[in-house]
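Student: Here is how the chains run, residue by residue.
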Amino acid sequence: MELQEYHVKRIFKKAGLPVLNGHVAYTPKEVKEIATKLKKGPFTVKAQIFGYNPCYGVVLPLGYKTNGCFCVATPKEAEEAASQLLMKQPDWLAELGPLVDIQKVYVEQAAQDFVVVGRLIFRVNFEKQCKVLRVEPEGASPVEFSFDSEISLEQLEKAAKKLCAKLPIEPKDMLTLFEKAHQLFEFYGAVALELSPIILEKGTHLKVVDGRLVFDPNNVSRFPELLPLIESRIGKERERLARKNGFRYVGLKGNIACITNGIGLGWATIDLVQRKGGRVAALLDVGTEPSKDVIVKALRLVLSEPNVDAILVNIFGCITRCDLIAEGLISASPEMVIGLPLVVRMDGTNADIGQRLLFESKLPFIVQTKMDEAVRAVIKKVKEKN
Amino acid sequence: MFFLPTKETRILCQGMTSRTGAVHAELALAYGSCIVAGTSEDKNVRKFLGVPVFKTVAEAVSKTKPDVSVIFSTPLHALADVTEAIRAGIKMIVCGTENVSMHDALKMKALANEAKVCLLGPSSMGIGALGQTIVGTIPAQLFLKGDIGLVGRSSSLMWEAARQLAERKQGLSYCVSLGADHLIGTSFVPPVKALLADGRTQQILVIGQVHGELEYELADFYKKQKDKKPLWVYIPGKALERSDKRPLLGMQTVKFADIIEKKKQALESAGAHWVDGPDLFGQVIKKGRGKK
Chain A
1 MELQEYHVKR
11 IFKKAGLPVL
21 NGHVAYTPKE
31 VKEIATKLKK
41 GPFTVKAQIF
51 GYNPCYGVVL
61 PLGYKTNGCF
71 CVATPKEAEE
81 AASQLLMKQP
91 DWLAELGPLV
101 DIQKVYVEQA
111 AQDFVVVGRL
121 IFRVNFEKQC
131 KVLRVEPEGA
141 SPVEFSFDSE
151 ISLEQLEKAA
161 KKLCAKLPIE
171 PKDMLTLFEK
181 AHQLFEFYGA
191 VALELSPIIL
201 EKGTHLKVVD
211 GRLVFDPNNV
221 SRFPELLPLI
231 ESRIGKERER
241 LARKNGFRYV
251 GLKGNIACIT
261 NGIGLGWATI
271 DLVQRKGGRV
281 AALLDVGTEP
291 SKDVIVKALR
301 LVLSEPNVDA
311 ILVNIFGCIT
321 RCDLIAEGLI
331 SASPEMVIGL
341 PLVVRMDGTN
351 ADIGQRLLFE
361 SKLPFIVQTK
371 MDEAVRAVIK
381 KVKEKN
Chain B
1 MFFLPTKETR
11 ILCQGMTSRT
21 GAVHAELALA
31 YGSCIVAGTS
41 EDKNVRKFLG
51 VPVFKTVAEA
61 VSKTKPDVSV
71 IFSTPLHALA
81 DVTEAIRAGI
91 KMIVCGTENV
101 SMHDALKMKA
111 LANEAKVCLL
121 GPSSMGIGAL
131 GQTIVGTIPA
141 QLFLKGDIGL
151 VGRSSSLMWE
161 AARQLAERKQ
171 GLSYCVSLGA
181 DHLIGTSFVP
191 PVKALLADGR
201 TQQILVIGQV
211 HGELEYELAD
221 FYKKQKDKKP
231 LWVYIPGKAL
241 ERSDKRPLLG
251 MQTVKFADII
261 EKKKQALESA
271 GAHWVDGPDL
281 FGQVIKKGRG
291 KK
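These protein sequences, in sequence, are chains A and B.
The letter at position 292 of the first sequence is residue 292 when you use the numbering used here, and the numbering goes up by one with no holes.
The letter at position 66 of the second sequence is residue 66 when you use the numbering used here, and the numbering goes up by one with no holes.
I should point out that these hints are in silico values taken from the structure, not numbers from a laboratory.
Mixed in with the good hints, there may be bad ones.
Below, in silico cross-link-like pairs of lysine-lysine (BS3-like), each with a Cα-Cα straight-line distance of 27 Å or less [said to hold, decoys possible]:
hint, chain 1, residue 1, chain 2, residue 2
1, B, K145, B, K229
2, A, K128, B, K264
3, A, K128, B, K145
4, B, K262, B, K223
5, B, K169, A, K276
6, A, K128, B, K116
7, B, K262, A, K128
8, B, K193, A, K253
9, B, K224, B, K193
10, B, K262, A, K180
11, B, K262, A, K276
12, B, K224, A, K370
13, B, K107, A, K128
14, B, K107, A, K158
15, B, K223, A, K370
16, A, K276, B, K255
17, A, K276, B, K229
Footprint (simulated), chain B over chain A, 3 or more residues, beta carbon under 8 Å [claimed, not checked]:
hint, segment
18, 62-76
19, 107-118
20, 147-154
21, 163-176
22, 309-322
23, 344-353
This structure is a prediction, so every number in the text was calculated from the model and none was measured.
Note that the Cβ used here is the ideal one computed from N, Cα and C, for glycine as well.
Start from the sequences and build out the full structure, keeping to the hints where you can.
Tutor: Take a look at the structure:
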């Protein structure tokens, strides 16, 4: 979950991190006005796209002109650059998913007379189950410091020194920057915070040219003001919709849609379907406590995938009561699954009641109690159909 | 320190009167679990399901001496509840809360490590000792009692495995759920170590996960054991991959099959056996009986 560049920079600025002067703009005219106000060029003009910063981490040289990023000398040229970007759907966006118009650009005073110092990254390392502070001094090998929950001042100092080893600045200036970045990382409980790169302007001022702030989906509810600004990535509509409903969702390229409770069971179901020669269109995990209408929503979502030829519902009830799942399936099915085979596998809590309800509904459910038999049944149905 | 619970293990239930807390406390009590105390957000509750409810964990600890605490709280409160349990001197904690934030999970881990407390979870369903007790939310009533120790990340798949074993008249000795979240307090090693030492357990089945490196830690540990009970491992997700658009690098794709293959090699070279599919638990493990 990320913000667009201009939101990130706003947050950085508020936290006291030295970013370059800049503003977001929606029209070429605004771009010109902002550039004029910034006075001294050159200026960078960058397309703002959810979850993707096309020239991330690069200090743009004058004359740069690629993938939605421009570096120009005058306000007039900035205006021209913006008119090439705004309300357009460039080709380089296509690989990210369905095309979107670029609606905003970020105008910034470009860095001048500078040396690149390096990069600073705080992140949670899932593999090693700790937090990591990584510094990447320009032209030298990166150094990592890991810490389990709180970083010591000693580690921060060490890391800051690594980054300003050959610079004509006081290590404590760098330390201040590190401390502010660390505070921000902790404040938002971020998955990652990057300052990339940090530069030294005119031999005196440290500046942050670009940055990323990756939020933890389980922590953003603590920051309601950010929710409307956060987007995961463009192009994955169903994933987004699924998350809104509390589902986990994986879109794949086959023709069997799977609904399971629990992601482990879901992945195992996919494993089994593929091994038996089927192809999965999507996996939707309804979580551990789905209610009746949750099942309706889940069915609706997987059916919105193109190319679905059959549906496999694989539920192992523990907290989940199979009779509730059955009721959900029955109330959803007549309107939605006409003509599509729907295989239901149920086991666990109240599975017998659930199965009886499905039988009594007289709807064409194919009911199974074992996972491998259910998978075999759904693949057979798909083969009959094609 | 991790320990395998018995019928006598005294359980505290934090958040006992919450919706999930109530459901699971009732199931556990029906199974015979010795729940000695509860705590509740509602400070007026004095008794729930016949169990005394206290205002604080400290009070519950001083009056009822629980060995383990099971926590059912909401994601934003889980850290505070785990902290309270650690401060009150509880030595093993099952945190069943799902969707705990990463920073909170790391903080819990750090606090537990410092206090030498065994923290299962977050997102752990706890421990079931078949025929004896449920510490947490293990649906032990659905499984058979037997000699296989089951340890896993994803609980839904653990139940599936236990069920397939039951169909073949194979039962479990213990069932330990570590939690499927990225960041969890206890890895495979402590429960597997306890199961290797346990007299009732003859074989161990581990349900691993693509993410993380805990399976390598398990492989290292198992390799060093002299008296090995057969260890079986399955990891789901072979058919999936993860793609990420990275600035400047373009599309990066990681095939889960490659990660699983690596983990498989590490575990097999440590002497463990591999389960190739989620429909094979019953078949292979029966074959493997007594195999060393």
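Student: Now tell me, hint by hint, if it's right for this structure.
Tutor: Against the structure, the hints:
1. Taken as a hint, the K145 (chain B) and K229 (chain B) pair is honoured in the structure, with Cα atoms around 18 Å apart against an allowance of 27 Å.
2. Between K128 (chain A) and K264 (chain B) the CA atoms are separated by roughly 19 Å; this keeps the pair inside 27 Å, and the hint holds.
3. Taking the CA atoms of K128 (chain A) and K145 (chain B), the gap is about 35 Å. The hint is violated against a cut of 27 Å.
4. Note on K262 (chain B) and K223 (chain B): the hinted pairing holds, with a Cα-Cα distance of about 16 Å set against a maximum of 27 Å.
5. For the hint linking K169 (chain B) to K276 (chain A), the alpha-carbon distance of about 26 Å falls within 27 Å, and the restraint holds.
6. Distance restraint check for K128 (chain A) and K116 (chain B): the Cα-Cα separation of roughly 19 Å lies within the 27 Å cut-off, and the hinted pair is therefore satisfied.
7. Proposed proximity of K262 (chain B) and K128 (chain A) is supported: the alpha carbons are some 17 Å apart, at most 27 Å.
8. Of the pairs offered as hints, the one joining K193 (chain B) and K253 (chain A) is violated, with about 42 Å between alpha carbons and a cut-off of 27 Å exceeded.
9. Taking the CA atoms of K224 (chain B) and K193 (chain B), the gap is about 11 Å. The hint holds against a cut of 27 Å.
10. Taking the CA atoms of K262 (chain B) and K180 (chain A), the gap is about 40 Å. The hint is violated against a cut of 27 Å.
11. Distance check on the hinted pair: K262 (chain B) and K276 (chain A) sit about 23 Å apart at the alpha-carbon level, within 27 Å; holds.
12. Pair hint K224 (chain B) plus K370 (chain A) does not hold up; C-alpha atoms about 38 Å apart against a cutoff of 27 Å.
13. A C-alpha spacing of about 15 Å is found between K107 (chain B) and K128 (chain A), which places the hinted pair at or below 27 Å, so the restraint holds.
14. Taking the CA atoms of K107 (chain B) and K158 (chain A), the gap is near 23 Å; set against the 27 Å cutoff, the hint holds.
15. For a cut-off of 27 Å, the pair hint linking K223 (chain B) to K370 (chain A) is broken: about 35 Å separates their Cα positions.
16. Annotation: proposed proximity of K276 (chain A) to K255 (chain B) holds, straight-line Cα distance about 20 Å (limit 27 Å).
17. Distance check on the hinted pair: K276 (chain A) and K229 (chain B) sit about 31 Å apart at the alpha-carbon level, beyond 27 Å; violated.
18. Judged by the Cβ-Cβ criterion of 8 Å, the segment 62-76 of chain A is not covered by chain B as claimed, because only 0 of its residues qualify and three are needed.
19. Counting residues of the segment 107-118 of chain A whose beta-carbon sits less than 8 Å from any beta-carbon of chain B gives 0, not enough to reach three: the coverage restraint is violated.
20. A count of 3 residues in the segment 147-154 of chain A with a Cβ less than 8 Å from any Cβ of chain B is obtained; the coverage claim is therefore met, three being the minimum.
21. Only when three residues or more bring their CB closer than 8 Å to a CB of chain B does the claim for the segment 163-176 of chain A stand; here the count is 0, and the claim is violated.
22. Restraint check on the segment 309-322 of chain A versus chain B: 3 residues with Cβ-Cβ distances below 8 Å, three needed, restraint holds.
23. Requiring three or more residues with a Cβ within less than 8 Å of a Cβ of chain B, the coverage given for the segment 344-353 of chain A holds, as 3 such residues are present.
Violated hints, listed in ascending order, are 3, 8, 10, 12, 15, 17, 18, 19 and 21; each of the other numbered hints is respected by the structure.
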